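Listed below are the residues making up each chain.
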Amino acid sequence: MTARPHAGRVSSPPTARPGAVPGLPRSVLAVGACFLLGAAAATAMVAYPGQQPASSVLLLPWPVFGVAAGILMDQNRFPALARVFTALSLVPFVLLVPAALPAGVSLPTPAELIPVVRSTAGLLAAAVLIGVPVAIRSTARSPWPAAGVSAGLVGSVVIAVAHRRPGVADIGWLLVAAGCVVVWAEVARGARTAERMRRRRAGWLLVTLGVASAVTLAGWSLLPDDVACYVTATCLALVAITVTRLCLVEEFRPLDENLLDLGLLVAAVAAATGVGLAVRLGAGWAGMPAPGTPAALAAGLTAATAAPAALWLRRSVLARRYGHGAISPADVAVITADLRVAADPRELLDKAARMVATASGCREARLVLGEDVPEVPDGWVVHLLDVGGERVGSLAVRSAGDEGPEPRQDEVITRLLPTVALVARAVTLAVEAELARRDVARQRDLERRRILADLHDGLGPVLAGMSMRVRAALRANGSGAEPALLADLADGLAASRTDLRRIVAGITPSALEGGDLAAALERLVASFRDHEAGGPTLALDVALTAPVPSSLQVAVYRCVAEGVTNALRHAGASTITVRVASRDGLVTVDVVDDGAGGRIVPGVGLSSLRARADGLGGRLDVSPGEPRGTRVQLEIPCAAGSPA
Amino acid sequence: MIGVLVVDDHPIVLTGLAALIASDPQLTVVGTARSAGEARGLPDEPRPAVAVLDLHLPDGDGIGLGVELRRRWPGVRILILTMHADEATVIEALASGLSGYLLKDADPEDVLTAVHSAARGALVVGRGASDAVVSAASAAPRTDALSGLDARDRELLELLVQGLPTSQIAGRLYLAPKTIRNRVSELLGTLGVGSREEAVRLARAAGLGPSRTTSPGAF
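Residue numbers (numbering that gives the first Met the number 0), protein chains in the order written: chain B, 0 to 643; chain Z, 0 to 218.
Looking at chain Z on its own, in the form it has when it is part of the complex (with noise of 0.2 Å):
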C-alpha cells in the first residue's frame, strides 16, 4: 500500500481527492490536511509515500510546503496539484525537486496515474503541462504591469517600445515636444521606473511590440 498525504484548503476538492486514492486499492490516504499549518501538525507516523499539495494554501504555497515536507520525511514524492499552470511556476516546481506538478480540473484517473507514478520515482508533468493545457490554463488571468495605463499613456508607450526619439515622437502624435518630454516624465511615474529604458523594457516584458504607423515630418 502507497500512502498518501493531501493538503488542499478547498473542502471539496479535499474530500473528493481523498475519496478518489482511498478508491484506488494500492492507495491510502495516511492524512489530510487544510492549510500548511495543518500539515505540520500531522505525527511522524504513518509515514507518507506521497503528498498531493495544492499550490496556493491559505499561510503558504505547496512548493515551500513540499520542500519542508522532504526534509521531515526523506524520500517522499511531492506532487503539486493547482488550478493555475504557468510556465514559472513548473519550472520552480521541479527545481525544488519537487516531482510532479498537474492540474485540478484533469481527468481523475490521470491524477491517480499521476500518483502512482510519482509513488514509483518517476517525473510527473501530467498533462497539465502539455502545450495545449498550459495555454487553456494561463488563460486565468495574470497581473499586467501596464495595467494603470491610460490609452493616452499606452499610445505614448507604444511609440517609446519603437525607439522613436522625442522629436519623431512629437511628430507622430503632432504635439510639441515639451509635451511629449512631460508626458514622457509622467508616464515613468505612473509606472514607477526612473528612465525611458526601464519603461521600454517593462513594456516589452508585457507584450507590447511594435506596430508600424505612418509618420509626418518632424520639424
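Chain B on its own, in the form it takes in the complex (with noise of 0.2 Å):
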C-alpha cells in the first residue's frame, strides 16, 4: 500500500447526462426562431428570381449553426458555444438589413448583398475562427483570450472600412489571422494539462479549425472566386457539424489512432494509385489499345489487397494496445480446473486478475475478495464484482497512462467482469469449503479428545487400583487364591495399562503441540521402547527437509504409533524400523518389521488412518514386507504453504 489511499477511484455505471430536461426549454424556442430568421434570409436571397451570383451560396451554411446551437441547447451542452451558434445563424438575415436600408426598406437582390458580405467578412471569420474556440474553450483565466479576440475584432473593423483597398484590407486580415494565433495557442495551452478527454476534445477543435481556413485560404488564392464560394460555404458547415460532434461525444480515441487510420487510408490509396499509374505507363509504352482498363483493374487489385492488409496492421497495432478484449472459455476452464489441485484456491485469483490484464492491454490487475472495497493508489481503478446481487469481490486495475483506463479498455474490462465474479464467486466457495472441511476436522479431532479423556480418567485408575490389589494379593503369600492366577491377572492387567496410554497417546497427540514433529516422534518411540523389555529392537530414522504442516504431523504421528503398535502386538517381530521422510513436496512414513507377516485386517486404528490419508489427499498402503513381515507405508502431499 503506498501512502496515498483512496487516490485511485472506484468506477461507477454511467448515469444519465446531468441537466437534460425533457420538453423543450425556452432558450431551444429562441434558437429555433433565430435559425427560421437566418434560414428565410438565406432561402431568400438564394431562391431570388433570375440570374444569381456564385456569393450567395455564402448565406447558405448559416442555418446549420442554428440546427447545431438547437442541439447543444437540448443536451445542456457548451451553453456559450451554443449562443455563439445562435448569433452565427442570424448572420443572413443580419446581413440584409445594411443591404436593405440604401433601397428605402425593401428586399435588397443579391447582387445588392456583394458589398455588404465583402465588407463583413473579416468579422464572420473572425467569429467562427476566434469566438468558437474562446466559446468552449474552459474557463481558466488569461488575458491571452481577450488579446486574440481584440485583434480579431480591430482587424473586422479595419476590413469593413476599407474593402475595397487591398493593401489596407490586408492588414485587416492579418490582425484577425494573428488574433486566430493567439487564440489557438492558448486552446493548445489550455488543453496541455486538461483531463485526457478535453485534451482530445480541444485537439481535434484546432485540427477542424485548421484544416477548415487552410482549405478555403487555398480555395480563395488559388480557385476562381464562383468555385471558392461553394468551397468556403462547405467548410463552414462541415465546421458546424464538426464542432457540435466534438462536444456531444464524450469519450474520444487517442489521436494517434486517428493518425495510424489516416496513415494506412493514404498508403492504401497511394500504393492502389502508384500500381495503377505504374500500369497505365507500361500499357501506353507498351502500345496497348486501351490503356485504361488495365490500370484501372491493377489500381483495383492493389486496394483490394492493401485494404485486408491494413485492417489486419490496425487490429494487431490495436491488440496490443488494448488486448484481445475477452477471456475464452478455455482460459475459464483453466482457472476453474486448478481449484482442484491448487493448495490453496486463492492463488487462482492471480492468474485469473494476469487473464484480465492481458485481454484488456492493462499493466496490472487484482483481484480482492469480500464486501469491503480495497483502498487503490493514483493510477488504479476499483470494479465491484457481484454475482446474483451479492458483492463477492472486488477487481482493481492499473492501465499503462497515469490517466486511468481508456474507454475501451474499460468496456473490455466491463465485458468480463460477470466471469471474472463467477471466478471470484468459484474461488470464495473453494475457500470456505476448506476452511468448513478444517473446522470439522477440528471438532472431529477435539471430539475424540474429549472420549479419550474420559477414557483415561475412567478406565485408568480402575485398572491401576486392580493391579495394586492383584499385586497385593500375589504379596501375600498363603492368601489361598492361586500364585499362577495372580501372576497371569497382573501381566495382563500391566498390559492393559500400557495398551490404555498407547491409545490416548496414539490418538490425542498433543505431543505434538510444541510443533517439533521429530522430537515427538523420537519420545514416542522411546515410550515403546521403554515398555517393551526384551521385545523388538526398534529404530527410528527422521529426514525432514521442509517443515511439516500441523494437520500432517498428526497424520504422521498416528502412523508411526499405530505401525509400531500393530507390529509390536501381531507380528512377533525381531526388529521394526521407522522411516519419516520428506521429499518432493510428499512426506513418507514407512513402519517395516520382520515378524511374521501375513494377511493384515485393518483395525480401527487403521481405517480411520487410511480415511485421514485419504482426506488429505495421500494414501495408506498396507503391504507384505521383503522378504518376509509387513511394510505400513503413509504417503501424504506436502504442498509448500498449505497452513495447518
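Source of the hints: derived by calculation from the structure; they are not laboratory data.
In this text, all values refer to a predicted model and were calculated from it rather than measured experimentally.
It is possible that some hints are incorrect.
Label pairs and their computed distance ranges (CB to CB) [as the list claims (entries may be wrong)]: (1) Z:Gly-59 - B:Glu-389: 35 to 45 Å; (2) B:Ala-542 - Z:Gly-96: 41 to 51 Å; (3) B:Arg-390 - Z:Glu-185: 13 to 23 Å; (4) Z:Ala-94 - B:Ala-542: 36 to 46 Å; (5) Z:Glu-197 - B:Ala-518: 40 to 50 Å; (6) B:Ala-542 - Z:Glu-197: 35 to 45 Å; (7) Z:Glu-185 - B:Glu-249: 40 to 50 Å; (8) Z:Gly-96 - B:Pro-623: 55 to 65 Å; (9) Z:Glu-197 - B:Met-196: 50 to 60 Å; (10) Z:Gly-59 - B:Asp-498: 27 to 37 Å; (11) B:Glu-431 - Z:Thr-189: 15 to 25 Å.
Built from N, CA and C at the ideal position, the CB exists for glycine as well.
From the two separate chains plus the hints, produce the assembled complex.
Right, here's the structure in full:
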C-alpha cells in the first residue's frame, strides 16, 4: 500500500447526462426563432428570381449553426458555444439589413448583398475562428484570449472600413490571423494540462478549424472566386457539424489512432494509385489499345489487397494496446480446473487477474475477495464484482497511462466482469469449503480427545487400583488364591495399562503441540522401547527437510504409533524400522517389521488412518514386507505453504 | 513399621492402594480417606510417616492438602499420586516441599518402592516424571486457549503470529485491508484480549508457530 490511500477511483455505472430536461426549454425555442429568421433570409436570397451571383451560396451554411445550437441547447452542453452558434445562425438576416437600407427598406437583390458580404467577411471569419474556440475552451483566467479577440475585432473593423483598398484590407486580415494564432495557442496550452478527454476534444477542434481555414484560404487564392464561394460554404457547414459532434461526444480515442487510420488509408490509396499509374505508363509504352482498363484493374486489385492488410495491421496495433478483449471459455476452464489441485484456491485469483490484464491491455490487475472495497493508489481503478446481487469482491486494474484505462479498455473490462465475478465466487466457495473441512477435522479431533480423556480418566484409575490389588494379593503368600492366576492377572493388567496409555498417546498427540515432529516421534518411539523390555529392536530414522504442516504432523504421528503398535502386537518381530522423510513435496512414513507377516485385517486404527490420509490427498498402504514381515506405508502431499 | 495414610476419591484405587501397602510387611495403613475433609477429620494418632495423596480430590487438590498435613504432622512425607503428569504440576508439588510425585498407572512395585524411598527422606520423582512417561501422560487433554476459534480465525491468527502488517495479510488472503481490520477486532473479541500483541502471545503459548507461505504483492 502506498502512502496515498483512496487515490484511485471506483468505477461507477454510467449515469444520465446531468441537466438534460425533458420537453423543449425556452432557450431552444429562442434558437429555433433565430434559425427560422436566418434560414428565411438565406432562402429569400438564393431563391431570388433571375440569375444569381455565386456569392449567394455564402448565406446557405449559417442556418446549420442554428440547428447545431438547438442540439447543444437541448443537450445542455457548452451553452456559451450554443449562444455563439445562435448568433452565427442569424448572419443571413443581419446581412440583409444594411443591404436593404439604401434601397429604402425593401428586400435587396443578391447583387446588392455582395459589398455587404465583402465588408463583413473579416468579422465572420473572426467569429468562427476565434469565437468558437473562445466559447468552447475551459474557464481558466488568462489575458491572452481577450487579446486575441481584440485583435480579431480590430482586424474586422479595418476590413469593413477598407475592403475596397487591398493594401489596408490585408493589414486587417493579418490582424484577424494574429488573433486566431493567439487564441488557438492559448487553447492548446490549456489543453496540455487538462484531463484526457478535454485534451483530445481541444486537439480535434484545432485540427478542424485549421484544416477548414487552410482549405478556404487555398480556395480563395488558387481557384476562381465562384468555386471559392462553394468551397467556403462547404467548409463552414462542415465546421458547424464537426464542432457540434465534438461537443456531444464524451469519449475520444487517442489521436494517434486516428493518425494511424489516416496513414493506412493514405498508404493504401497511394499504393493503388502508384500501381495504377505504373501499369498505365507500361501499357502506353507497350502500345496497348486501351491502357486505362488494365491500369484501373491493377489499381482496384491493389486496393482490394491493401485493405485487408491495412485492417490486419490496425487490429494488431490495437490488440497490443488494448489486449485481445476476451477471456475464452478455455481460459476459464484452466482456472476452474486448478481449483481442485491448488493448495490454496486463492492463488487462482492471481491467474485470473493476469488474464484480465492481458485481455484488456492493462498493465496489472488484482482480485480481492469480500464486500469491502480495497483502497488503491493513483492510477488504479476498482470494479465491483457482483453475483446474483451479492458482492463477491473487487477487481482493481492499473492501466498503462496515469489517467486510467481508455474507454475501450473500460468496455472490455466491463464485459469481462461477470466472468471474473463467477471466478471470484468459485474461489470464495472453495476457500469456505476448505475452512469448513478444517473445522470439521478439528471438531472431530476435539471429540476424539474428549472421548479419550474420559477413557483415560475413567478406565485408568480402575486398571491402576486393580493392578495394585492383584499385586497385593500376589505378595501376600498363602492368601489361598492361586499364585499363577494372580501373576497372569498382574501381567494382563500391566498390558492393559500400557495399551490404554498407547491409545491415548496415539490418538490425541498433544505431544505435537510444541510443533516439533521429530522430537515428538523420538519420544513416542522411546515410550515403546521403555515398555517392551526384551521386545524387538526399534529404529527410528527421521529425515525432514521442510517444516511439516500441523494437520500432516498428526497423521504422521498416528501412522507411526499405529504401525508400531500393530507390529508389536501381532508380528512377533525382532526389528521394527520406522522411517519418516519428506521429499518432492511428499511426506512419507515407512514402518517395516520382520515378523510373521500374513494377511492384515485393518483395525479401527488403520482404517481411520486411511480415511485421514485420503482426506489429506494421500494414501496408506499395508503390504507384505521383503523378505517377510509387514510394511505400513503412508504418503501425503505436503504442498508448500499449505497452512495447518 | 512405617505408617501410611492413603487419600483417594476413587474407591477401587483406594482399596487397591491400601491392600498393596498392607501387603508390604514393613508398611501399615494407619488411615484412609476419600476426600480432603475426611483426611482432616482423622485422629492425630496413629501418626502417619508417609501420606499418599491423590492430586484431584472432590473438595480440593492434593498439593494443598499435603502442605496442610505437613503442618499438622511435621516430618510427614507426602507423595502425590495421579493419572496426570504435566511438568507444571510436578514443579509445583516439589516447590511446595512435598516429597514426591508418581503416576497411578506405574507398576505397583514402583509405587511401593516410592513409599519406602519417601519414608527414608528421599525425593521421589518416580517413573511418572521420566521423559517417556511424561510425554505419554501429557497426552491427556489440556485446555486449549484457541479452542474457540474456527479455521478462518486460525488462518488469520497464524499470519498475525508471523508478524505481518495488515496490508500484507490482506494481500495473502486476497481481502481488503478493511476486512482484515474488522476480522482482527472480531478475533480479539473471541480471544478476549485487548491487542494484537496479546493475541500473538496467546497463540505462541498455544503452540501456533510460523509456517511459510508464498505471498502475492499488496497494492
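Evaluation of the provided hints:
Between Gly-59 (chain Z) and Glu-389 (chain B) the C-beta distance comes to about 57 Å, which lies outside the given range of 35 to 45 Å. Between Ala-542 (chain B) and Gly-96 (chain Z) the beta carbons are some 46 Å apart, a value that agrees with the proposed interval 41 to 51 Å. Checked against the hint of 13 to 23 Å, the C-beta distance between Arg-390 (chain B) and Glu-185 (chain Z) comes to roughly 19 Å, which is consistent with it. For Ala-94 (chain Z) and Ala-542 (chain B), the Cβ-Cβ distance of about 40 Å falls inside the hinted range of 36 to 46 Å, so the restraint holds.
Taking the beta carbon of each, Glu-197 (chain Z) and Ala-518 (chain B) are about 28 Å apart, not inside 40 to 50 Å as hinted. Here the CB-CB span from Ala-542 (chain B) to Glu-197 (chain Z) is close to 38 Å, well matched to the stated 35 to 45 Å. Here the CB-CB span from Glu-185 (chain Z) to Glu-249 (chain B) is close to 44 Å, well matched to the stated 40 to 50 Å. Range check, Gly-96 (chain Z) to Pro-623 (chain B): about 58 Å between beta-carbon atoms, so the 55 to 65 Å window is met.
Checked against the hint of 50 to 60 Å, the C-beta distance between Glu-197 (chain Z) and Met-196 (chain B) comes to roughly 53 Å, which is consistent with it. Against the hinted window of 27 to 37 Å, the Cβ-Cβ separation of Gly-59 (chain Z) and Asp-498 (chain B) comes to about 32 Å, which satisfies the hint. At about 19 Å, the CB distance of Glu-431 (chain B) to Thr-189 (chain Z) agrees with the hint of 15 to 25 Å.
Violated hints, listed in ascending order, are 1 and 5; each of the other numbered hints is respected by the structure.
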